[in-house]
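Put chains Y, S and W on the given structure of chain V with help from the hints.
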Amino acid sequence: MKVNPHRFKEFIVIAVVVAVLAVLPVLGLPRTWLLYIFLFFIYLALANMWNLLSGYCGLISLCQPAFIGLGGYTLVIFTWNGLPLYMGILGGAIVAAIFTMLISSAVFRLRGIYFAIGTLVVPEALRVVFFIWRPVGEQIHGKGAGYMIKGLNDVSMTHIYWLAIFIGIVSIVIMRLTLSSKMGMGLAAIRDNDSAASSSGINIFKLKLFAFVISAFITAIAGSIFYMFQGYIAPESGFSMKWTMTMILATVIGGISTEEGPIIGTVIIVFLHFLLARYAGISLIIQGILLIIIMLLAPQGIMGFARKTKIYQSLLRLTAGDSI
Amino acid sequence: MNEIFSDIATPVISGILLGGLYTVIALGLSLVFGVMKLINVAHGDLVIFGSYFAYSIMTYLGFNPVLSLVAGIPLLFAVGFAIQKYFMARVFKRSMEAPLLIAFGISLVFENLYQILFTPMSRGLTTSYSLESFILGDIYIPVVYLLNLIVALIVMIALSLFLKKTFIGQAIIASSQDIRAAQLMGINTARIFCLTFGISAAISAVAGVFLGLTFPFTPVSGIPFLIIAFGVVILGGLGSIIGTFVGGIILGLAQTLGAQYISASAQMLILYVIVLVILAVRPQGLFGR
Amino acid sequence: MPQEILLKVSDIDAYYGSLQVLWDVSIEVKTGETVAIIGANGSGKSTLMNSISGIMHPVRGSIMFDGMDITMMDPYQIVTLGISQVPEGRRIFPDMTVYENLRLGAYNHRARPKREQSFENVYQHFPILEKRKKQLAKTMSGGEQQMMAIGSALMSDPKLLLLDEMSLGLSPIVVNELYYVLKEIRSKGITIIFVEQNVRRTLEEAERAYILETGHVVLSGSAESLRAEEKVKKAYFGA
Amino acid sequence: MAETTILSIVDVTKRFGGLFAVNDLSLDIHEGEAVGLMGPNGAGKTTLISVISGQYKPEIGAVIFQGHDISGLPPHRICRLGIARTYQIPHPFINLTTRQNIAVAAMYGKGIGKTAAAAEADKILDIVELTDKKDVRAKDLEALTLKRLELARALATDPKLLLIDEVAAGLTEVEIPNFLNILKRIRSMNITYIMIEHVLKVMLEAVDRVTVIDYGIKIAEGTPQEVMEDEKVIKAYLG
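Protein chains in written order, with the numbering used here: chain V, 1 to 324; chain Y, 1 to 289; chain S, 1 to 239; chain W, 1 to 239.
Chain V extracted, bound-state conformation:
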């Protein structure tokens, strides 16, 4: 295969940006700034994985917090049993993936908006489960069924920060690989017309499940990394609808069904967090209003809007690839 010079240029740009971001903590950037960059990459991974399902498969998934919570709690269970952190992260991702397979035969019978509500029930149910269940002993920290994550003493904040950058970049790469592969074409076909897709030989169930599993896997890892940073997980936060809101906001504001959308949207969300750090409620109200306005006026989000402009069109012509 020949290397596309434009793609190569893009790769260089991303590598440089990542390298600069990666050395920031060493250079002594203020901690709050690092926090926002950390959040950016975590949210980016989450938004990308939601976009993969909602924007590219037509599956409006509201059960993403289930994967985040499962990731976090698996990390707790692993570390409390003396297993290494990284094994805990991987374990959480695997648990989330297996969980996806278990629920898939039920939720894939639902279409469109029914799928959305069906998946909404899942994290709520898990929240109650983890509220009752004490997976590792009876030690309760703070309120309810929350747990500290053990084994964090040897891990520096910088380390966790790098992990966040890593998972954020991985999510971009996965999107890119998935969408430019045979699978991406299959998903596009399913989203556009599922009966024609199925009579063109596409196994709809298998392809959707594959996307769902990938999404759960990466979402769980991003969740685990977030809770490594937090050091503490409780059912109310781990399985909270707030996660879903963040993903929806970032993706829809930036532009659903576009690869760049979640990146732009996440920048805006994190920037709002930063600006209104002391007024979290107001920040969320603004985000809610923003979501409504975008849906009413520019449903394709900022990217969809930008794509119509001349500058973008000419940029596109410059970087046109060799895809089918």
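Careful, some of the hints might be misleading.
Here are some, though not all, of the chain Y residues that point toward chain S, as calculated from beta-carbon distances under 7 Å [said to hold, decoys possible]: (1) Ser133; (2) Asp178; (3) Asn188.
Calculated lysine-lysine pairs in the BS3-like style (CA-CA distance at most 27 Å, straight line) [as the list claims (entries may be wrong)]: (4) Lys133(W) to Lys182(V); (5) Lys114(W) to Lys9(V); (6) Lys114(S) to Lys165(Y); (7) Lys134(W) to Lys182(V); (8) Lys134(W) to Lys308(V); (9) Lys182(V) to Lys114(W); (10) Lys308(V) to Lys133(W); (11) Lys114(S) to Lys131(S); (12) Lys235(W) to Lys201(W); (13) Lys165(Y) to Lys131(S); (14) Lys134(S) to Lys114(S); (15) Lys57(W) to Lys206(V); (16) Lys93(Y) to Lys139(W); (17) Lys114(W) to Lys139(W); (18) Lys139(W) to Lys182(V).
No lab work stands behind these hints, which were simulated from the structure alone. Beta carbons: idealized from backbone N, C-alpha and C, even for Gly.
This is chains Y, S and W only, laid out in the frame that chain V set:
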């Protein structure tokens, strides 16, 4: 009466009465779902809107929360009407997801408004009768539970009379069965949709008050009650008032019996599992075709 | 009898999504006339009907009815003005009774006061509907449902009745019965436009016809002259 | 030439509600044959196609393809076994280009990689004469082009049996010979096809044998000429 009997009678009776509350919460969702094929994910937040409105009237003006409905019903009707007219109607034709995402935005705005106005603390509508129980032999049943069933019956009868006897009611039913045909009958379906959403929200005002009398609520209580309402609707099937009532009672019973015989903290889990199982086995609902 | 133009469709272009389905279509119908629209599947017949009843709006061109521009009006406004469409596929309200279905036909403000009279009128055309009035619509046979659909349309007190594929899937006996009632309706001065598959029958029942092909009007004229037209014979009778 | 049966439809019944769409129908298709399906609207032709291609499961009876019972298999399995279909109303992947539409069908229907599928797509673009439109997104294509795309997408899955649902409807006189050429090319690729068609001219030239169904029941069978002269057929069509 022996002890075993009262052991089972208490959860059964309170379950049925609680089912009345769930019916009222679900009726509004069912109505909008039936007519516009839209699941309003902000429905729970509208119900909680009703609860907080009654709470404010009670706290600041000292009126009984049930009396607050005189203002609460028209207020929520207007809110519902406006949501349909200014938001949903504009994206309705575009896709199934667009109204869903807008409802999400509305839900986010409402929840955080409640947080700011009323703090995240749990509130309740405490009245002179809210702690009283009536006694039947060994069985103690809270008065508010009985009220729930009475209100459910009143709302159900009023709604079915309205749908059956009035021109607008008939137009709503017609629109739920075939929108295109309804338009060709001369029905302004856009307006019918606004009215339907308004009526749904007005019923939520009633639901909110009795929810507040029965349970404590917080700004984020909307989601669990949305799920309960959704469960009731899929249990009872679309657009059927009696079906909704049956669904409400099944969930009410599941909750009280579950709390009695399995564990009090798992009662919500039992409801969620029932909803998930029904979705997996019969997505069209128990009574659906 | 001097006839005035009741409906005038002028040069309309209509799209289905981004797909153009009508090109420059014009038709004219005079008061009291019975006009047929003939064409193959996908020729745009239903789109034309839906544009007149307001379910779709043309992108270019205009539609005038009874001296008013109805091009961009909504269906409910158009019904109130006196155009009633019986849509393709017997779209009725299955879970309502026959009586309720018919009553809804008189929903518009103009027809509401005349409701009782309209009921009598419909029951006179279709006596079976009176017998079945308490029955749920979905439990009736296809023919009875079609009668009810036409009955509902008549309840709106129309000046112009649009019938889209009325005889689709019905047995010949029922179709004959429907055409008989159609004659009665015409005799009361109601103008009729109908779309049909069955060309020979259509040209017997209509006074004039327009033939559509891929969204264009390719032929028009009196039923008699069209019956004689070589092209029609060839395309539709396989002669 | 010894005739091998490629497809056997054995006593197939499919109902919707209480309505028979296909009623106890049997049909054998031989390898290399071109068979036409005719019948008035609502006669059950499209339902039959959907039963063969797996969208519907027959309630009674079986569909045997090359000796295997395929009734009840999911559509994608049936497609991979070698049966492709087109839809009467085009079902394009609207956000993909013409070339991508065809390529995705080749990838999954034939089970080949991206590069091979691209080459395959180019080949098929040639067969259906769409090469000049290859980079246009399906949502910007016009109705007739979309119909050809339907055919192209079905061909890309490398079928042994092709089910064509009214692809010629809406073609003008000028376009029909062109379309017949495409069908000839398909036949020369050793593909058996079943075709629903209303355009008689296409039927007469493109099929060896016609089966006429009405109300889900087979009412006539024979060469196109024989069928056109059959009393029952004339009655079913012309009333």
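Checked hints:
1. Ser133: 42 Å, violated
2. Asp178: With Cβ-Cβ at 5 Å, under 7 Å, it holds.
3. Asn188: Hint on Asn188(Y): holds, closest Cβ of chain S at ~4 Å, below 7 Å.
4. Lys133(W) to Lys182(V): 22 Å, holds
5. Lys114(W) to Lys9(V): 24 Å, holds
6. Lys114(S) to Lys165(Y): The hint holds at about 19 Å.
7. Lys134(W) to Lys182(V): 19 Å, holds
8. Lys134(W) to Lys308(V): Within the cut-off at roughly 22 Å; holds.
9. Lys182(V) to Lys114(W): Between Lys182(V) and Lys114(W) the Cα gap is close to 6 Å, so the pair holds against 27 Å.
10. Lys308(V) to Lys133(W): Holds, because 22 Å separates the two Cα atoms, which is no more than 27 Å.
11. Lys114(S) to Lys131(S): 21 Å, holds
12. Lys235(W) to Lys201(W): 19 Å, holds
13. Lys165(Y) to Lys131(S): Holds: Lys165(Y) and Lys131(S) sit about 22 Å apart, inside 27 Å.
14. Lys134(S) to Lys114(S): Holds. Lys134(S) to Lys114(S) sits at ~21 Å (cutoff 27 Å).
15. Lys57(W) to Lys206(V): 21 Å, holds
16. Lys93(Y) to Lys139(W): Satisfied, since the Cα-Cα distance of roughly 18 Å is no more than 27 Å.
17. Lys114(W) to Lys139(W): Given that 27 Å is the threshold and the Cα spacing comes to 23 Å, the pair holds.
18. Lys139(W) to Lys182(V): Roughly 21 Å separates the two Cα atoms, so the pair holds.
Consistency with the previously given hints fails for number 1 only.
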